[in-house]
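**Student:** Here is how the chains run, residue by residue.
Protein chains: 2
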Amino acid sequence: MEESRFAKRMQGMKGNAIRELLSVSQQPGMISFAGGLPSAETFDKETVAEIASEVLIQDGDKILQYGSTEGYAPLREELIKYLQKDGFNISHENLLITSGAQQGIDLVAKAIVNPGDVVVVESPSYLAALQIFKTYEAKLVVVPSDENGMVVEELENVIKKHNPKIVYSVPTFQNPSSVTMPLNRRKELCKLLDKNEVVFIEDNPYGDLRYSGEDQPKIYNLDKSNQTLYLGTFSKIISPGLRVGFAVGEKDLITKMRIGKQGTDVQTTTLAQAIIAEYFKRNILDEHIESIKDLYRKKRDYFLKKMDEFFPKEVKWNYPEGGLFVWAELPEEYDTKKLFEIAISKKVAFVPGQSFFVNDKKNCLRLNFSNATFEEMDQGIESLGKAIKEMIK
Amino acid sequence: MEESRFAKRMQGMKGNAIRELLSVSQQPGMISFAGGLPSAETFDKETVAEIASEVLIQDGDKILQYGSTEGYAPLREELIKYLQKDGFNISHENLLITSGAQQGIDLVAKAIVNPGDVVVVESPSYLAALQIFKTYEAKLVVVPSDENGMVVEELENVIKKHNPKIVYSVPTFQNPSSVTMPLNRRKELCKLLDKNEVVFIEDNPYGDLRYSGEDQPKIYNLDKSNQTLYLGTFSKIISPGLRVGFAVGEKDLITKMRIGKQGTDVQTTTLAQAIIAEYFKRNILDEHIESIKDLYRKKRDYFLKKMDEFFPKEVKWNYPEGGLFVWAELPEEYDTKKLFEIAISKKVAFVPGQSFFVNDKKNCLRLNFSNATFEEMDQGIESLGKAIKEMIK
Chain A
24 MEESRFAKRM QGMKGNAIRE LLSVSQQPGM ISFAGGLPSA ETFDKETVAE
74 IASEVLIQDG DKILQYGSTE GYAPLREELI KYLQKDGFNI SHENLLITSG
124 AQQGIDLVAK AIVNPGDVVV VESPSYLAAL QIFKTYEAKL VVVPSDENGM
174 VVEELENVIK KHNPKIVYSV PTFQNPSSVT MPLNRRKELC KLLDKNEVVF
224 IEDNPYGDLR YSGEDQPKIY NLDKSNQTLY LGTFSKIISP GLRVGFAVGE
274 KDLITKMRIG KQGTDVQTTT LAQAIIAEYF KRNILDEHIE SIKDLYRKKR
324 DYFLKKMDEF FPKEVKWNYP EGGLFVWAEL PEEYDTKKLF EIAISKKVAF
374 VPGQSFFVND KKNCLRLNFS NATFEEMDQG IESLGKAIKE MIK
Chain B
24 MEESRFAKRM QGMKGNAIRE LLSVSQQPGM ISFAGGLPSA ETFDKETVAE
74 IASEVLIQDG DKILQYGSTE GYAPLREELI KYLQKDGFNI SHENLLITSG
124 AQQGIDLVAK AIVNPGDVVV VESPSYLAAL QIFKTYEAKL VVVPSDENGM
174 VVEELENVIK KHNPKIVYSV PTFQNPSSVT MPLNRRKELC KLLDKNEVVF
224 IEDNPYGDLR YSGEDQPKIY NLDKSNQTLY LGTFSKIISP GLRVGFAVGE
274 KDLITKMRIG KQGTDVQTTT LAQAIIAEYF KRNILDEHIE SIKDLYRKKR
324 DYFLKKMDEF FPKEVKWNYP EGGLFVWAEL PEEYDTKKLF EIAISKKVAF
374 VPGQSFFVND KKNCLRLNFS NATFEEMDQG IESLGKAIKE MIK
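In order, the protein sequence lines correspond to chains A and B. Numbered per this note's numbering, the first sequence spans residues 24 to 416. Numbered per this note's numbering, the second sequence spans residues 24 to 416.
Extracted from the complex, chain A is given alone in its bound form (with noise of 0.2 angstroms):
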């Protein structure tokens, strides 16, 4: 089909770049420090096996038939008494259950944004938000983002500027640049909602994976306002290839979030969703995370390590006090792009920062330090300080 058939919102779109990179990663022999993905070691396959065969073999004639827009009701309930002891006071005409939480993005731009409106993103910001809120075709406006995460300054005067019908960032763990919010700018923040009709998205897929440092209140918590939408996930934390997430919002936006879903996928499958309550049921959820916890931590300080004894001067990286990613910019004047091609001949993968800007910054790498084993990164982090030293050399 020719490409002028194609309706303006998909004409030109090639797909999520990173996806096609991830291609590249997965050629046989390759060390990939490129992906978002969780470690398979985290996954406790005997454990979901046990539970998908005996939700099936109790409850399968409600988990194989049709259920619900909103969610299977066991994972509803379930899922509210533990925001409740996080400190979230809803019911249930607050929550749905999506599709994993990028399901959250798409369906809050579904409802809110027409073309041309103004949605805010943080710079850098997570690539597939960006690719979501194209296909609404509104217009993205960047608010820089500093090792505090959104400067709130800049985001009033870009509210005054452009009235956005949203501002969209990752307050925790930032995906690239893992930078956290801190309490006194989420307050600032919220001063900010209070003051200005916008909806503000907080998209939370790496909440729960903290190593060290200090936990920050939600900001759906903090905001008075009732303006924030809050996305979370059990993508991280049970399993991605479930694709189980969750909505907090209020009730007219949620009720919206849920018609758009129902011509969407009807449904979340529920199999996966029963599978997540189990894991409330039993109590093991907050056990299963600690594990999480403890391998990524010793990941994150072997990796560290491992960039400090292979990495040259000049090249500068934050410290994650948790998420997936280390951060790491080279000198301006440096294309990481180019860094890539000389990586990928030393059997290295990363993913060039330019892909989450909205505007271009080329001199910036993200590196996954969840997925690859620890032989990997000896061998892998030795690899992309070499190809690091052959570019700047």
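It is worth saying that the hints were derived from the structure and are not from the lab. Keep in mind that this is a model prediction, so the values were computed, not measured. Some hints here could point you the wrong way.
Pairs involving identical chains hold if they fit within one copy or between any two copies, as the list cannot separate such chains.
Unchecked claim - Derived DSS-like pairs: lysine-lysine, alpha-carbon spacing no greater than 30 angstroms straight-line:
#1 37 / 274
#2 385 / 361
#3 339 / 369
#4 85 / 369
#5 218 / 31
With chain A's structure known, arrange chain B on it following the hints.
**Tutor:** Frame of chain A, contents of chain B only:
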């Protein structure tokens, strides 16, 4: 949130009228012929439980990890082989696994439809499809149907006049009318497709469920213009709660749909896909479908017998050769929404036909025969017959 803050596509959208009806029909003591639910008797929960456990133990690392947007490779392999036996000459670039067939409708609309573009639908038509096209702000144009489905001569006129982007149809055991387009009309339709640039959606959720009469070839396989998008699903033959369907079509269209799916839900739940793949590998699907057909054939026959017995002669209905529904018509002056009120008071529910028409038509009712038990049919059809008599007396 105020209605005015939502996107134009969602303003005034109140959700699927049938899903609202269904909540009434789920009141205790209610006998429901309203839904389109498979019978829970057809769910082989022991087999699904055994398969789920086995595939997780064997391939859990892959099944629980992120997977590819186009679908789980083992399912794709098996499905292509299965479809080839059915006359589909396709390769991987023609296939996309979807989260239910309904996601296929959403993704093709997302790929093709700009606001104001014309989408042609048959009348009556599948309600959720109408809603999906509306969220993409399509202009719906109706082509009448008769006992042989969409009237192709009328379609020709409509295409000339409106130059639609999409023609949408359920040509086999249509929902709600249960009619099937015979071979000669399918061929005429394909001649029309040959002469015009338009995507034809062949939505086929019920095609495997034929209880009498002769199978008709798929329009996808008759269409030499390569403009048919075929949508299939495992919802009616394995389980709707698993949410696995598929789209078969021209490669550029499938590519755009895949890119659209990346944003929507990244991928379909892998465990659900792996369960379906195993049905193919174990070669148990065909036998399972036969057992479903045996059950539904008995249910259809019993349902029709009871209608003969209890419905007044003023009511006309078709003889469904397959699918899940009987479509009945009252004399034109009667409104089945009123009948619905009377029926509910007698503890029996159905879907008033008006929901399925883009233009109002008030005297039809859709009756589902797959879900109720034989005992429920005895009682429910007698009650419904009384309700009709009460109305038309």
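**Student:** All the hints need checking, so say for each whether the structure fits it.
**Tutor:** Hint by hint, here is what the structure shows:
1. 37 / 274: Answer is between; shortest inter-copy Cα gap is 14 angstroms, intra-copy 35 angstroms.
2. 385 / 361: Within one copy only: 10 angstroms inside a chain, 66 angstroms across chains, cut-off 30 angstroms.
3. 339 / 369: within (22 angstroms within a copy, 74 angstroms between copies)
4. 85 / 369: Between copies only: 26 angstroms across chains, 52 angstroms inside a chain, cut-off 30 angstroms.
5. 218 / 31: Between copies only: 25 angstroms across chains, 35 angstroms inside a chain, cut-off 30 angstroms.
Going through the hint list in order, the structure satisfies each hint without exception.
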